[in-house]
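Visitor: Here's the letter readout for the chains.
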Amino acid sequence: MAATKTRTSSFSRNLPAASSAQSPEIKCGPNGTFLVSSGIPDLDKTLGGGIPLGSLVMVMEDSEAPHHMLLLRNFMSQGLVHKQPLLYASPSKDPRGFLGTLPSPSSPKDDKSRSHDAEQEKGLRIAWQYKKYFGENQSNLDGQRGMILFRFIVLYNKQEFSNEFDLRRPLDRHFYTGQHVDCISTKDLPNIAALQERCTSFLSQFSRNDATVACTGRIAIQSLCAPQCESSNMEWEMLSFIRSLKSTVRSAIAVAIITFPSSLVSATFCKRWQHLADCLVSVKAIPDEDKELAKLLTGYQDIVGFLNIHRVPRINTQVPAVLEATTLSIKLQKRRYLVLECLNQAPVDGSSGSSYGTSGSCSGASSKSGSLDF
Amino acid sequence: MADSISRTIRDGALEGEHAPSLTIKDTTASPYGFDVFTHVLSQASSLILAGKSQSRGLVVVAYSRSPSFYLDFLKRSGVDVASSQKWIHILDCYTDPLGWKHQLADSGILPSNSSAGACLFQDVKDINKLQSLILELGSGLVGQGKVRFSVAIDSVTEMLRHVPLSKVAALISDLRSHDQISSIFWLLHSDIHDVRVTTSLEYLSAMVASVESLNQSSDGLSGDLGNLSLLEQNFRRGKFHVRFKRRNGRVRVMNEQFHMEESGIKFTSVTVEDGLVSQGLVPKVLFNLELSEKEKLERARVVLPFEHQGNGKHIQIYDGRRSLAPESMGEVSADTSQSNTEECSNGGGEIIYFRDSDDERPDSDEDPDDDLDI
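Same order as they appear, the protein sequences are chains A and B.
Quick note: the numbering used here has the first sequence finishing at residue 374, numbered continuously throughout.
Quick note: the numbering used here has the second sequence finishing at residue 374, numbered continuously throughout.
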């Protein structure tokens, strides 16, 4: 429950109308920002609760693996589930067809992963003077086997802020057949101006000065300079497109995510694009059946790739974010649920961020690597 | 492992997915890419004829060799070309790519000779026409409907002479997403092109096979004449390195060796693996609490400065004035100063032990109580 504390100073912020925290899809973040979910609860947690409104997320693709599609899918599904308008651009000829492959939120009975903790609590012996705190808040404990943590982690009581998505179940049609979903194919566009116009007109519905805005907009641009697009040669134009998109998004109640294959952009432009991002992540493929990696990492069999977080959005603040771990492993639990975890290596890198006993394969080994949590 | 390639091409595309695509690339140091291409071609053809593969027909877009060459080659490889009309079409972009001979024939300078059998294509700059012709020929072979065919592009390098990269990439991605294409493969001479071209084509391919030379020296002229025969022999051999992008997002890397013979190219497997790939992916950790085998052996060899060594020898009381291990190379300094920097270890571990009792001067005459001034 993120209740906004009313400030009694003379400075009053121009809060957007949707900020009354009535709607579950937006929650209040630090420094006066509002957060929306990226569709991946683990990623939200790492980014500090979610993606701030008005930020531009850029994902550097690995040309050998389609992991950026996992991120995009979850992002788009989350927006559609919350009935947020979506603009999707992709280099394929039929982007609308992709909407049929978006994942649907998993039903609660499938989602056993987070409830394991509750059963584990019963096995814990709790020191007597703390029992009174633990009485009715059993479900809020984060339990690691054999250890007692005296931290409360506020479970997302707003279950609806962020959903777990089941990648095997496609989204119901009624979510994406509607006026609020717009698709563009970037393949045959002669230059980037057409895309820029569409984005600007889409974002004009979400201007912050307008008091009647009811919801957040999401923009998802896939593979911005894919080689089959005509405009991929025009690097300066694309740079100015990204810059104008960033500034328009910043002054709108919207979030934009752009994925681009970093190996196909020249190095200098790649650096420039990276600097424009508010939130920069990159995905990486891992070799298959690699014995070295299997020795280094526990749970190697389930990992499909790595996610590196290069920059966390820091709007309205100068304080840098120091992450516990910048490399997360991408796992598909039961081939359905996307899970991001810190790497379990020997020795542990000081983070306690490994998922709360979710993945069975590394729970046995994590006791060996021994996280030192007191 | 060349078999894995054939198998992937044989299995073809799944519903709703892109068709698997293969890039074969070589360099002047080991220019056997075309032999690999023809090898894959003959394998694909025999699988098509035997009915074992998903595709029922093959369209070869021939830029660098004439159609008759291909028919002869297939005959030599034991593929039945008598019925070639039914399953293979060769698009002749070799004889008259830009239509010059046609123009000269029209103006009466050259006698016109009709090309036999294969379809002559005279307008290589028009990529749309090429694409529609490929699709037309293919569906001419397999009919309309669910049946698929494969496409082989002789040399994308030649194609890129006439058409810019974005159009070639658009052609390939269109073909990949077409319902009737089962698989597509092409040859590229990577050292002629910019890095950007190579990476773009690799981005579009599910398998990348590169032909590399055995000796790593990039300067082919550096070998001395005495070794000429060895050089020549090594030239006919090389490394065949393939990267497969698997569906789950992992990359399988395989290595083989090949050598050229009269009858064609032969592949042999190689057992040496290198484990250097994983080093760059996993973040560096602070400590290494694991010992390698070598380190364990060294540790076992270190003589510990206990007086009871536990190996049945007579107990030797250490009196601090002789060096502990008489065979050690360094000298223990006679004075009990703390510097032990003159010790040099001969590769093994060494423990320098100064007993605490060494610090006491033996039988000092001074009475420590004399300092008290009472």
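Because the hints were derived from the structure by calculation, they are not lab data.
For clarity, every value in this text was computed on a predicted model and none was experimentally measured.
Just so you know, even glycine gets a beta-carbon here, dropped at the ideal spot from N, CA and C.
Just so you know, not all the hints are guaranteed correct.
Counterexamples of contact, computed for chain B against chain A with all Cβ distances above 12 Å [unchecked claim]:
id: 1; residue: 158
id: 2; residue: 172
id: 3; residue: 194
id: 4; residue: 296
Simulated coverage check for chain B against chain A, where a stretch passes if three residues somewhere in it have a Cβ under 8 Å from a Cβ of chain A [unchecked claim]:
id: 5; segment: 202–214
id: 6; segment: 249–263
Below, in silico cross-link-like pairs of lysine-lysine (BS3-like), each with a Cα-Cα straight-line distance of 30 Å or less [unchecked claim]:
id: 7; chain 1: A; residue 1: 83; chain 2: A; residue 2: 45
id: 8; chain 1: B; residue 1: 52; chain 2: B; residue 2: 296
id: 9; chain 1: B; residue 1: 296; chain 2: A; residue 2: 295
id: 10; chain 1: A; residue 1: 291; chain 2: B; residue 2: 52
id: 11; chain 1: B; residue 1: 52; chain 2: A; residue 2: 295
id: 12; chain 1: A; residue 1: 291; chain 2: B; residue 2: 239
Visitor: Evaluate each hint against the coordinates.
Guide: Taking the hints in turn, this is what the structure says about them:
no. : hint          : result
1   : 158           : holds, 18 Å
2   : 172           : violated, 8 Å
3   : 194           : violated, 10 Å
4   : 296           : holds, 16 Å
5   : 202–214       : holds (count 3)
6   : 249–263       : holds (count 5)
7   : A:83 / A:45   : holds, 22 Å
8   : B:52 / B:296  : violated, 54 Å
9   : B:296 / A:295 : holds, 18 Å
10  : A:291 / B:52  : violated, 34 Å
11  : B:52 / A:295  : violated, 39 Å
12  : A:291 / B:239 : holds, 22 Å
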